[in-house]
Every structure is written in structure tokens, then in C-alpha cells.
Amino acid sequence: MRGSKAWRNSGGALVLANNNHRKKLKYNQHRWHRCWLWPPVMVCGVILFALGLISLFTDHVASNLEWYSQKLVKHRFWYNKRGGSGHESIDIWKSESSKFYYGCSERGPNYAPPVHESLSNGYLLIAASGGLNQQRTGITDAVVVARILNATLVVPELDHYSFWKDDSEFANIFDVDWFISILAKDIPVVKRVPDKYMRALEKPPYTMRVPRKSEPQYYLDEVLPTLLRRHVVQLTKFDYRLANDLSEELQRLRCRVNYHAFRFTKPLHKLGHKLVMKMRNMANRYIAVHLRFEPDMLAFSGCYYGGGDKERYELGEIRKRWTNLPDLLPDGEQRKRGKCPLTPHEVGLMLRALGFNNDTYIYVASGEIYGGEETLQPLRELFPNFYTKEMLVTEELLPFLPFSSRLAAIDYIVCDESDVFVTNNNGNMAKILAGRRRYMGHKRTIRPNARKLSALFLQREKMPWTTFSSKVKSAQRGFMGEPDEMKPGRADFHEYPSSCICKKPFIFSHVDNQRTINNASLNEHNEDVNSRDNDASSSLEQNEDDEFLAD
1 MRGSKAWRNS GGALVLANNN HRKKLKYNQH RWHRCWLWPP VMVCGVILFA LGLISLFTDH
61 VASNLEWYSQ KLVKHRFWYN KRGGSGHESI DIWKSESSKF YYGCSERGPN YAPPVHESLS
121 NGYLLIAASG GLNQQRTGIT DAVVVARILN ATLVVPELDH YSFWKDDSEF ANIFDVDWFI
181 SILAKDIPVV KRVPDKYMRA LEKPPYTMRV PRKSEPQYYL DEVLPTLLRR HVVQLTKFDY
241 RLANDLSEEL QRLRCRVNYH AFRFTKPLHK LGHKLVMKMR NMANRYIAVH LRFEPDMLAF
301 SGCYYGGGDK ERYELGEIRK RWTNLPDLLP DGEQRKRGKC PLTPHEVGLM LRALGFNNDT
361 YIYVASGEIY GGEETLQPLR ELFPNFYTKE MLVTEELLPF LPFSSRLAAI DYIVCDESDV
421 FVTNNNGNMA KILAGRRRYM GHKRTIRPNA RKLSALFLQR EKMPWTTFSS KVKSAQRGFM
481 GEPDEMKPGR ADFHEYPSSC ICKKPFIFSH VDNQRTINNA SLNEHNEDVN SRDNDASSSL
541 EQNEDDEFLA D
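Residue numbers are given in UniProt numbering: position 453 of the sequence shown equals residue 453, and the series is strictly consecutive.
Please note that a few of the clues may not be correct.
Here are the simulated DSSO-like cross-link-like pairs (lysine-lysine), alpha carbons at most 30 Å apart as the crow flies [what the hints assert, rightly or not]: (1) K191 - K165; (2) K99 - K487; (3) K487 - K471; (4) K237 - K266; (5) K266 - K165; (6) K504 - K471; (7) K452 - K504; (8) K452 - K462; (9) K473 - K452; (10) K336 - K191; (11) K94 - K185; (12) K94 - K487; (13) K165 - K270; (14) K99 - K504; (15) K237 - K503; (16) K203 - K165; (17) K165 - K237; (18) K99 - K278.
Here are the computed distance ranges between Cβ atoms for each label pair [stated by the list, open to error]: (19) E157 - P113: 25 to 31 Å; (20) E374 - R285: 25 to 31 Å; (21) T394 - L119: 50 to 56 Å; (22) R321 - Q217: 45 to 51 Å; (23) K320 - A283: 42 to 48 Å; (24) L119 - Q217: 19 to 25 Å; (25) S118 - E222: 20 to 26 Å.
To be clear, the hints were calculated from the coordinates, so they are not data collected in a lab. Glycine included, each C-beta is placed from N, C-alpha and C at the ideal position.
My request is simple: use the sequences and hints to build the entire structure.
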């Protein structure tokens with residue numbers, strides 16, 4: 001207060017001062033401001049030096065010091081936003097901060113062992129629904145439900161009647177014995193209901209359809225009494241029937257199922273890894289793109305891509321398969337909202353703008369592309385080293401061609417093993433693989449920021465390539481698969497299994513600290529990105545809650 005008064009009283013003298021005096025005063029003011037900044041900087045330096053000494057002699061740093069160092073990082077980012085160096089470039093092939101995290105799904109010390117089959121509350125039958133990855137999410141949740149109900153799970157029955165018309169059984173895709181053994185410490189699993197129970201049933205097992213995203217208490221209140229009374233209950237159309245947010249133990253059980261209990265059968269595993277080796281023999285690293293530009297996906301999304309009356313008629317006829325889809329919006333409106341898959345050409349432009357060269361090898365996981373070769377040609381021109389499973393193998397693929405789920409399993413393997421995985425919609429395969437890649441070491445996973453990119457593609461011809469590339473990189477910040485992109489609980493658990501991702505103990509080093517500082521700006525920036533992205537993802541999730549989920 002005294003200082004401010006002194007400045008006010010000296011106002012007349014300042015007006016009469018000459019130029020040199022004003023410059024000196026301005027210099028002194030600037031020097032005072034710099035001096036004000038010096039104490040926290042010196043404190044930071046002393047603390048960081050102390051951390052270095054501690055880690056040098058003890059190889060350990062106390063958790064409160066780690067917390068404080070993170071606060072210092074946030075202070076540095078505040079400076080960057082207000083005139084500092086700004087965002088640092090990132091490695092497009094891998095996340096530099098991934099080494100600080102690891103997948104963790106161990107059972108806790110108070111985790112109760114499962115009951116024996118003979119002492120369980122009954123047998124739980126599951127009828128899965130949708131394509132392969134949609135069914136995978138349903139089966140994962142079915143294991144958790146069996147744990148909640150203290151029930152014995154019967155190996156689930158796959159969907160034979162939906163859009164894909166695939167008559168594959170669980171044993172045709174997944175190793176049943178492995179599935180049962182991995183979950184032996186969680187729930188009892190059997191291949192079929194014992195004959196003595198089946199003979200006692202006067203009619204087929206009692207069926208129930210549970211509401212979407214039901215809480216565990218719903219199963220205890222509504223399903224358990226029926227199970228205790230009837231001993232055998234089947235839950236039908238079991239997809240997304242369990243709440244996203246569960247206790248940590250149940251979330252970790254989800255991870256044990258999804259990332260450890262599912263193992264593909266030997267024929268699928270062998271062919272999938274043969275494709276991986278073919279890609280690796282041509283290049284040290286490759287990108288896998290889940291293109292998802294098939295007619296059914298475009299019809300379901302309600303998007304328009306400029307094909308005129310022909311496109312409207314063809315996709316409109318496919319759209320009639322679903323009776324509960326929302327009305328179509330005016331042309332282009334869906335794309336402005338970021339709810340449409342990018343075209344193959346746009347996917348290629350995004351990747352080139354991010355910095356992938358045209359000699360990069362890409363594996364395209366896709367079914368029938370709408371528009372055929374004409375639609376794919378621009379992507380091929382951008383990336384001549386373009387491959388699909390059909391291009392890499394011929395004879396070996398023939399036995400799998402009639403089965404869409406087995407073909408999806410092969411693509412899943414090649415995408416999972418890729419150095420970079422690129423999604424083109426927020427469907428089930430994209431979510432499942434994104435979550436698995438985070439759990440298995442945060443391998444780079446790129447999700448297009450469709451809302452921002454769609455606007456950029458409309459303006460692409462009006463700007464030089466360097467400007468376009470810079471804007472694409474800016475739009476994609478927060479969509480590159482960095483460990484801290486999303487806050488826990490803000491995304492589908494299968495896509496971001498936060499309860500199953502642990503941070504390694506903090507050990508200070510000068511190099512690692514600088515990298516942490518560089519990544520801090522991304523983490524803060526993503527809070528804003530996530531809030532903008534939630535509208536699009538929640539809307540798409542609502543669409544997925546209809547009869548069809550995009551695989």
C-alpha cells in the first residue's frame with residue numbers, strides 16, 4: 001500500500017522527467033519484475049538439484065516431491081501459454097512419455113477367491129450381439145456380471161443372426177481352454193450346463209434382457225432372485241449392458257478378461273502373425289489404418305460425401321435395415337459436427353500433414369470400401385506402399401473368407417502389432433484396440449479430430465501445404481494417443497482403461513524432467529480438447545446404443 005501511494009505522489013515528477021530518466025525508470029521497473037520472478041526460479045533450481053542428489057544416492061524420491069515437481073511443470077506451462085516457447089513437436093511414431101506407464105490388472109489383497117461351481121448361485125448363459133469386437137465387449141462385461149452374481153459362466157454363444165450373418169462359434173475364434181484357465185481365480189467357467197440341470201428344465205432356459213448400462217445393484221436386485229429360483233438364466237443381446245463406471249476391482253477384472261483371457265485360436269494367430277512378419281520384412285515399422293469406409297458404416301452414420309442422387313439412394317436403401325435411427329441432417333451438417341468417418345483421401349492427407357512420408361508402409365484393415373478402387377486411389381497415391389490382407393496372402397486366406405468375425409480377428413492382430421494405429425471412427429474395434437494399446441505400452445494410436453479436420457479439408461485448396469500441415473498438427477493435439485490425453489472416467493472404459501494403467505515410481509533425471517516439461521503443455525491443453533470432443537463421442541455412443549454398433 002505504501003509503495004503504491006509513493007508511485008501516485010511522484011506522478012508530477014514523472015511528467016517533467018526527461019527521456020533518459022523515463023528509460024531508466026522503465027528499466028528499473030523491468031528489473032524489479034525480473035527480481036520478483038527470481039525467488040521461485042531459485043527455489044525450483046534448489047529443489048531439482050536436491051532431487052538429483054537423492055535419486056543419485058538412494059534411487060528413490062518421496063511422493064510429495066514428485067507432486068511438487070509436477071506443480072512446477074504446470075507453472076512452466078502457464079509461462080509458455082503467455083509468451084513462452086509454446087507446444088513442442090512430438091514423435092509421430094511413438095510416445096516419449098509412454099515409458100512412465102504400464103498396464104496393471106492384478107487382484108487386490110482383499111479380492112475374494114471365486115466359489116466352486118457346485119456352490120455358485122447358478123449358471124449364467126450369455127447371447128452376445130453384433131460384430132466381433134462388439135461381442136468381445138459384451139463377453140468381457142458378462143464375466144464381471146458373473147462375478148457380481150456369484151454365478152458360473154457358461155462359455156458365451158456368439159451372434160449368428162445380426163448384420164454379419166457369421167455362424168462362427170466362440171471356439172472358432174478364441175482359445176476356450178485358455179479363457180477358462182486365465183479366469184479360474186475370478187469366476188468358474190464351464191463349456192456347457194451340466195446335463196442334470198438341463199434335464200430338470202421343463203422348457204428352454206429362462207431369458208432376460210437387461211437395460212443398457214445397468215449398475216451392479218440392478219443385477220443383484222433383478223437378475224439374482226431369478227437365477228436363485230431357476231438355477232439357469234440366459235441374458236440375451238448382451239452388449240453394453242453393464243455400467244461404464246465400476247469399482248476398481250471390477251474394472252481390473254474387465255482388463256484381465258479383455259487383455260489376457262482372450263487369445264485367438266492357433267489358425268487365426270498363425271495367419272495374423274504371418275501378415276505382421278510380411279509387413280516387418282518390407283519395413284522396420286508400419287502404420288495400420290482401420291479405414292471403416294464400408295457402405296453399412298456410411299449409411300448408419302447418415303453422412304453425405306458428395307456422390308449425388310446415386311449415393312443418397314444406395315446408402316438410403318441400406319439405412320432402411322435399422323428402424324430406430326435419427327432423421328438425416330442437411331448435407332454436410334454431420335461432417336461439420338465431426339460425426340462422419342474421413343474419406344480414404346482425407347485419412348492420407350492427415351497422415352502426410354502430420355509428417356509421415358510417402359515411403360511409409362501402411363496396412364489397411366477394411367471390408368468392402370464404398371466406391372471401390374476409385375475411392376482408394378487417392379490414398380494409394382499418397383502412400384504407394386499400401387497393403388491389405390488380401391494383397392499379402394491368397395491361399396491361406398480362403399478358408400476364412402466366409403466368416404466376417406474371423407477376418408476381423410486377423411485384421412485385429414495386424415493392427416495390434418503395428419507401430420502406429422489409425423482409427424477412422426469411434427466404433428468397437430477402434431475403442432478395443434485403443435484401450436489395449438494403452439494397456440500394453442501406449443503404442444501410438446491416432447484418432448482423427450474429425451470436427452476440426454473436416455473444416456480444414458474444406459479450406460485446403462485456399463492455403464499453402466505448410467499452413468495446412470501446421471493446422472492439422474494443431475488440430476490433432478490431444479488425439480495422438482498420449483498417456484494423459486483423457487481424464488479417468490471421461491471416456492468409455494474399453495477405450496481408456498484408466499484403472500488398469502499405473503504410473504511408474506518417479507525417479508528424477510535431468511533429461512526425463514525436460515521431457516516431462518515438454519509434455520505438460522499437451523496434458524493441460526487436452527482438458528480443453530476433451531471437453532470439446534465429449535459432445536461428438538457421447539452422440540456417437542448414443543447411436544451405438546441402437547441395434548447396430550459399428551465394428
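Status of the hints after comparison with the structure:
no.	hint	in the structure
1	K191 - K165	holds, 23 Å
2	K99 - K487	holds, 19 Å
3	K487 - K471	holds, 25 Å
4	K237 - K266	holds, 28 Å
5	K266 - K165	holds, 23 Å
6	K504 - K471	violated, 34 Å
7	K452 - K504	violated, 34 Å
8	K452 - K462	holds, 16 Å
9	K473 - K452	holds, 11 Å
10	K336 - K191	violated, 48 Å
11	K94 - K185	violated, 35 Å
12	K94 - K487	holds, 20 Å
13	K165 - K270	holds, 25 Å
14	K99 - K504	holds, 8 Å
15	K237 - K503	violated, 37 Å
16	K203 - K165	holds, 27 Å
17	K165 - K237	holds, 15 Å
18	K99 - K278	holds, 28 Å
19	E157 - P113: 25 to 31 Å	holds, 27 Å
20	E374 - R285: 25 to 31 Å	holds, 29 Å
21	T394 - L119: 50 to 56 Å	holds, 52 Å
22	R321 - Q217: 45 to 51 Å	violated, 35 Å
23	K320 - A283: 42 to 48 Å	holds, 43 Å
24	L119 - Q217: 19 to 25 Å	holds, 23 Å
25	S118 - E222: 20 to 26 Å	holds, 25 Å
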